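Colleague: Residue numbers (our numbering), protein chains in the order written: chain A, 25 to 345; chain B, 277 to 797.
Keep in mind that the hints were calculated from the coordinates and are not lab data. Please note that a few of the clues may not be correct.
[Stated by the list, open to error] List time: in silico SDA-like cross-link candidates among lysine to any residue, alpha-carbon distance up to 20 Å:
1. K186/A with K455/B
2. K648/B with N237/A
3. K455/B with D421/B
4. K321/A with H162/A
5. K235/A with D528/B
6. K186/A with T425/B
7. K322/B with F322/A
8. K322/B with K46/A
9. K321/A with R416/B
10. K321/A with M476/B
11. K186/A with D421/B
12. K322/B with K235/A
13. K46/A with F322/A
[Unchecked claim] Stretch by stretch, here's where chain A covers chain B in the computed footprint (C-beta under 8 Å, at least three residues):
14. 378-386
15. 425-433
16. 517-530
17. 536-542
Just so we're clear, the structure is a prediction, and the values are computed from it rather than from any experiment. Just so it is clear, CB atoms sit at the ideal spot from N, CA and C, and this is done for glycine as well.
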Amino acid sequence: MIFSRLFKRQAEPDPQVEAGLKKARRGIFQDIVKLFERSEITEDLYEDLESLLIQADLGVETTVELLDNLRDRIRREGIKLPTDAREALRTEMIALLHHATKNRKIKIYQRGVPFVTLVVGVNGTGKTTTIAKLARYHQKQGRSVMVVAGDTFRAAAIDQLKIWGERLGVPVMAHEPNSDPGAVVFDGMQAAHNRNIDILLVDTAGRLHTKHNLMEELKKIRRVMQRHVEAAPQEVLLVIDATTGQNGLSQARHFSEAVEITDIAIAKLDGTAKGGIAFAIARELGTPISYIGTGEKFDDMAEFTPETYVDGLFFGDDDED
Amino acid sequence: MFETLSDRLYGIFENMGHKGRLTEQDVDEAMREVRRALLEADVNFKVVRNFVSAVRERAVGEEVLKAVTPAQQVIAIVNEELIKILGSERVPLESASQPPTVIMLVGLQGSGKTTHIAKLAKHLRDEGQSPMLVAADVYRPAAIDQLHTLGRQIDMPVYSEPEEGDPVKIAWNGIRAAKDRSATVVLVDTAGRLQIDERMMTELVDLTERISPTETLLVADAMTGQEAVSVAETFHERLNLTGLILTKMDGDARGGAALSIRSVVGVPIKFIGTGENVDALEPFYPDRLAGRILGMGDVVSLVERAQQQMTEEDSHKLEEKVLEGRFNLEDFLSQLQQLKQMGPLSQILEMIPGIGQAMRQSNVQITDDQYKHVEAMIYSMTPDERRHPDIIKPSRRKRIAAGSGTSSDQVNQMLNQFRQMQKMMSQMGQMGGGGGKKRGGGLRSLLGGGGNPLGGMSEADLEQMMGGAGMPGGMPEGLPGGLPGTSGGGRSGGGQGSSTQLQPKHANKRKKKKRSKGKKR
Chain A
25 MIFSRLFKRQ
35 AEPDPQVEAG
45 LKKARRGIFQ
55 DIVKLFERSE
65 ITEDLYEDLE
75 SLLIQADLGV
85 ETTVELLDNL
95 RDRIRREGIK
105 LPTDAREALR
115 TEMIALLHHA
125 TKNRKIKIYQ
135 RGVPFVTLVV
145 GVNGTGKTTT
155 IAKLARYHQK
165 QGRSVMVVAG
175 DTFRAAAIDQ
185 LKIWGERLGV
195 PVMAHEPNSD
205 PGAVVFDGMQ
215 AAHNRNIDIL
225 LVDTAGRLHT
235 KHNLMEELKK
245 IRRVMQRHVE
255 AAPQEVLLVI
265 DATTGQNGLS
275 QARHFSEAVE
285 ITDIAIAKLD
295 GTAKGGIAFA
305 IARELGTPIS
315 YIGTGEKFDD
325 MAEFTPETYV
335 DGLFFGDDDE
345 D
Chain B
277 MFETLSDRLY
287 GIFENMGHKG
297 RLTEQDVDEA
307 MREVRRALLE
317 ADVNFKVVRN
327 FVSAVRERAV
337 GEEVLKAVTP
347 AQQVIAIVNE
357 ELIKILGSER
367 VPLESASQPP
377 TVIMLVGLQG
387 SGKTTHIAKL
397 AKHLRDEGQS
407 PMLVAADVYR
417 PAAIDQLHTL
427 GRQIDMPVYS
437 EPEEGDPVKI
447 AWNGIRAAKD
457 RSATVVLVDT
467 AGRLQIDERM
477 MTELVDLTER
487 ISPTETLLVA
497 DAMTGQEAVS
507 VAETFHERLN
517 LTGLILTKMD
527 GDARGGAALS
537 IRSVVGVPIK
547 FIGTGENVDA
557 LEPFYPDRLA
567 GRILGMGDVV
577 SLVERAQQQM
587 TEEDSHKLEE
597 KVLEGRFNLE
607 DFLSQLQQLK
617 QMGPLSQILE
627 MIPGIGQAMR
637 QSNVQITDDQ
647 YKHVEAMIYS
657 MTPDERRHPD
667 IIKPSRRKRI
677 AAGSGTSSDQ
687 VNQMLNQFRQ
697 MQKMMSQMGQ
707 MGGGGGKKRG
717 GGLRSLLGGG
727 GNPLGGMSEA
737 DLEQMMGGAG
747 MPGGMPEGLP
757 GGLPGTSGGG
767 RSGGGQGSST
777 QLQPKHANKR
787 KKKKRSKGKK
797 R
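Okay, chain B solo, but in the shape it has when bound (with noise of 0.2 Å):
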């Protein structure tokens, strides 16, 4: 049940070989698993079936072009529709011409109202404007402990009476305040209940009358089934939403909810809460929601994260060391603490398509304590031996083991999966490099531009690396290799190509050589 939609499509189209034009029933078999995966993503019966009508009005028919497989083409047909529902562009928040800015935050218990009020805050203090917080939940017990708890964390404004029981004169009260103390946004936290009931909105139809908030998001749980439409059809109807936070991303929800209030409601999607940290607020980008609905992986954000790590000048360097064959074991270590801050390894793969799906079929839980043997070793080796691998000798081995609590033979595994990994690299250097001054220019375009400190590994070497060194189980077989783009260990299985379709163009050519090679095993 976690194929993903991917890897079925492909299944469908496996021995339909390269017809002229997607058939009617073709078609009618793909839209079946379009339908399941939609389902289980939990976006909405009615949603599912509109969408799905659509897709198969526009692939029935359609010419399947030489250059990919109709699996292909109906992900592509698939994805475009979706980015479309979920809105093409990214829509920022309005602000007042007058400030303050008033933004309300409703939504049902739990959803996480109070948390990004402190995130949404902190935003936009780094945005450079002076946000205020008020504290309207007056019937939660300890709700406005906790929005005085963030806000001491964000260092941030709060203001509340505790002993006022009426939200409406709390709220006017609290953007009084901030006027005085010349506040640029107020956000106003506001009560919610299990359920939607009419006292709790008779309520904040008095707030919004009173207060008449810019900005009116709707703080929606991703792990939400059916049910996310009803409750965000009746919120907009009574308050008029002007946005939707949708939280809880980093889980593994796919965030179909998502898709459906955009689609039946209508209100643009403005964030997604991805962490229990005041940091974890991110803008949303429709295509990447796109790809995780359908199981298909983010990697744009993987590439973004990636950048954040490492600067261009950096890049440079590594990429120039990977291009001359100079690539040794003090970079792989840098590289891998860089990939280390980018957050957890399994964060990390849950990212690349196929990947995340794999792992769970398998089992395999992939923490970062794997990393250790791998540093462990390189910790273990003298400068001189970082730098020249090759003066490693089997008395060398054994100090290392020794050192690093691994055995000779792990060590050596280690280094044999290194030589290969820097062989590959200089191929890849090779491939890419037109020559003269443009030479690295493939391997930096392999992700879409930016330096990343993952363009010049690929992670199923990382992972085979790993391995290697004492991982428990090794990795599955047939996981498909590599980020796509890098040339990585072989698509074996059924990650073969998902997702080519998504990938910037010049990244095709080399990935079709590559499957063409994996054809003839």
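One chain only, chain A, in its complex shape (with noise of 0.2 Å):
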């Protein structure tokens, strides 16, 4: 791609970002690369712009905020060529994505303490997968990992945790199916401690945001953990599914009202051709993104940054050959 290359890098590339990104890059990005092809900017331009931001997943509020501040840095800095006004294009693009991580927290992980991480999220985003994938995560950097089998609702969601246990050698909780995840959350907590784990990873039952009891549950498991250990859980990540349109800032939303969610996971980041959601919430929210999932595999996952995402949608390895 020889447009690509007339970017430059912000920031060192992150193969695995490259790798889950590849779909949404040959996708829509490449035509939004080469809208710039033309030679001079023009009304038609931004039309095109935004038609394909829009289809990218960006929402309609966000695709016009974002190209009112590119048409305002064009005119303020003068810029006449196309392959500048597309370099701007990826700065006010990064400029968006910091919103979604100013105001990320830094994890504290505390000797003798456990660090809980609440898992959330409506059904099918990939909860589970992502559970996997953090423990793993935190394996290789040393610390003990301990997973809890939270979601008693759907049928055989033990069954899958426990697979997963066995192959990365984790110990998961569980209690039987249709429990009171109360209890085993419970249980998982004193275990925590007995057994001086690091991480404590809860797996939650999927939940639609609009069911109101159901997000009353999670309060309820908030309220267990914290007989145990007051700053828990230290981390509530609500996994999003990349696929998602627009509703993912409702659900985003909705869970934020019921738990306060600290960190947000895109989950199956590779198996969209879009990836514009991140933008949308964002903007709208400025909830933190922390990781997210970019491939099938245990290690498939990448911490967010705004710089290696948005250069991910723009270019990888693949594309300079």
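Hints given; two lone chains; assemble the complex.
Modeller: The structure is reproduced here in structure tokens:
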């Protein structure tokens, strides 16, 4: 890809992120890059850009704002060349994503106090897979990990977690299907203490964010945790499916109201040719996006940074040959 | 951003008054809002473009009928066109000439395939079929277990071969087993991937060639964004889909994905999934989804649910009571209980045009707990008090308050509001009653016939009662009152008259009367 070479990378490329965004890069974002091949910056360019950004799931409002900012910058800096305009677009996209990282809290891992991550999300977004990846991630950092099978509702969710626990060599605290999730969380907290576990990952049943009672259940789980560790859960991770459209915003809002989401993980990024929901979340909510799922293997997870994300959308190693 | 399309269109046309024709300019402005609403509902970009230009063409120059506002006229056109795209008629499942009928479910991971196999099986058994499930998802850990668990739940045979890695073999053997057991339908669960890859597709194509399913249904998540079309297209190209099941429609996803898929790929939507239980599967109706995509509520489903809860006879009795002003607290209590059986209050309110939006806007969380106060007060009354609330004097009120854990004031408020409601009901009865035997026909027809417990009670009044009885924060101002058609507590604010156009004609007359009253205020 000749055009992508004209971009200057802003950060060290992250091969994980690049691999995960391959489909998006070769889809919509390739079309976006091509837009700037024309000889001058015209109104048509903006219009086409608008339509492509909306198609990338950025949503109407975010797209409009991004374009406004782009126009401003182009006017302010007296940009004439389309290639410079493209550079300005990238800068604006990165700036937008910074809304999703600036509120991120530093994670403090204390010896003797389990660091509890509560993983929540709607049905089928990839919570259980994300837990497996997180377990792997912490293991690599030399931390001891335990998983709590708090999804007692979905048929066979417990089995799924156990299978993964076995493959990773991570203990899994589980009760019977359809038992009270609060109880298994309680036992998990106790066991984490007794066994001196560093990281406790708690799975929960998928729930649609509009179901009030289920959202209340999350609050209960939280209270159970706090009986053991006052600061728990130190991390409340909302898993959003990358193929989700504008409903992703609604999910994030509702979950935040129920359990104060501290971090968002965007899963299944490798499955989408769009990847724009990250921008919409950044602009509308400012909830930190921390992890992205980039593939189907345990190691396919990366930390989210605006620079590598945007660069990953525009170019990767595979394009340069 | 949660404003409904109908609200926005009313805003645009507010200053226009009644002009003779819709001008190009009027329409353009309206179309911008239509476009935005559709995009926010995740309708595919290209579909939106074509749709908007089709509607525009129809709307420009259209004569504005005297009876409706320009906004209503545009909404009606948009609605009709949406229904046209969604397929005007429901397409049922095919069955094979020689049983068993083989139904294969395909889709991406996490879309709800396995759950919907079970739902579909139950649905088919309720229709008199004898289904069998086949677990041909050999990749996802525990997928086979999940199907077995679901099979046990609905008491349905599940065929699986845990040691076999070839889905084609499993499916083939499963169908043979089904024949032996003389099952009439075989439902095949297939592997889903995070994304479409060649290996999965080849495998599915092999499977299709070998078992030649009568129905190949794509299971798609209603929350999917712009991606939906390309996913469906790829599946359709290779597998020749015969239908679509749209899942997770019990959330607040508008379901624009369905419209996109129907429009681009042309595959009919056959079912929608509305919950986690095995019963949560509904046949698909284009008009309802159209209303939902536009954010106009789903009154038809609401009425249907209400009808399920009440027999014709019950509703007739109730009607008589209402009309004769004999509706008392006992009846009210039983209404409350029926309402509860219809599902969580928040979900019911969601279906009423305008209310769901209003609730979100003002951040009101309505829970079923709020029934409880009113219920508790009524439970704390003697049967005599329930039948004749007028006998409740201060000392009785005090006792009721103590018994229900509320205050005397709250009881008073509840009673006042109940009286208002009673009054309103009898007025309504007079309006609708044509005298003689036809008496009451008006009330019943308000919600499109049949009986329903809400017919005799407007939601707004219920809410008022709840509010009076200690609902945190009360209800937001300007909440559109009442079910459309029932005379509610005044349609003020943005929700005014939304979706009037979509109601049965006979309800309109009454509504207009109501609205002209509202304007004077």
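Colleague: Hints first: check each against the structure and report whether it holds.
Modeller: Here is how each hint holds up against the structure:
1. K186/A with K455/B: violated (35 Å)
2. K648/B with N237/A: holds (15 Å)
3. K455/B with D421/B: Violated, because 23 Å separates the two Cα atoms, which is more than 20 Å.
4. K321/A with H162/A: Holds, because 15 Å separates the two Cα atoms, which is no more than 20 Å.
5. K235/A with D528/B: Holds: K235/A and D528/B sit about 10 Å apart, inside 20 Å.
6. K186/A with T425/B: The given pair, whose Cα atoms are some 16 Å apart, holds under the 20 Å limit.
7. K322/B with F322/A: violated (37 Å)
8. K322/B with K46/A: violated (23 Å)
9. K321/A with R416/B: holds (12 Å)
10. K321/A with M476/B: holds (16 Å)
11. K186/A with D421/B: Holds - the C-alpha atoms of D421/B and K186/A are around 12 Å apart, at most 20 Å.
12. K322/B with K235/A: violated (33 Å)
13. K46/A with F322/A: With a Cα-Cα distance of about 18 Å, the restraint between K46/A and F322/A holds, given a limit of 20 Å.
14. 378-386: holds (count 3)
15. 425-433: holds (count 3)
16. 517-530: Holds, because 6 residues of the region 517-530 of chain B bring their Cβ atoms closer than 8 Å to Cβ atoms of chain A.
17. 536-542: It is violated, with 0 qualifying residues against the three required.
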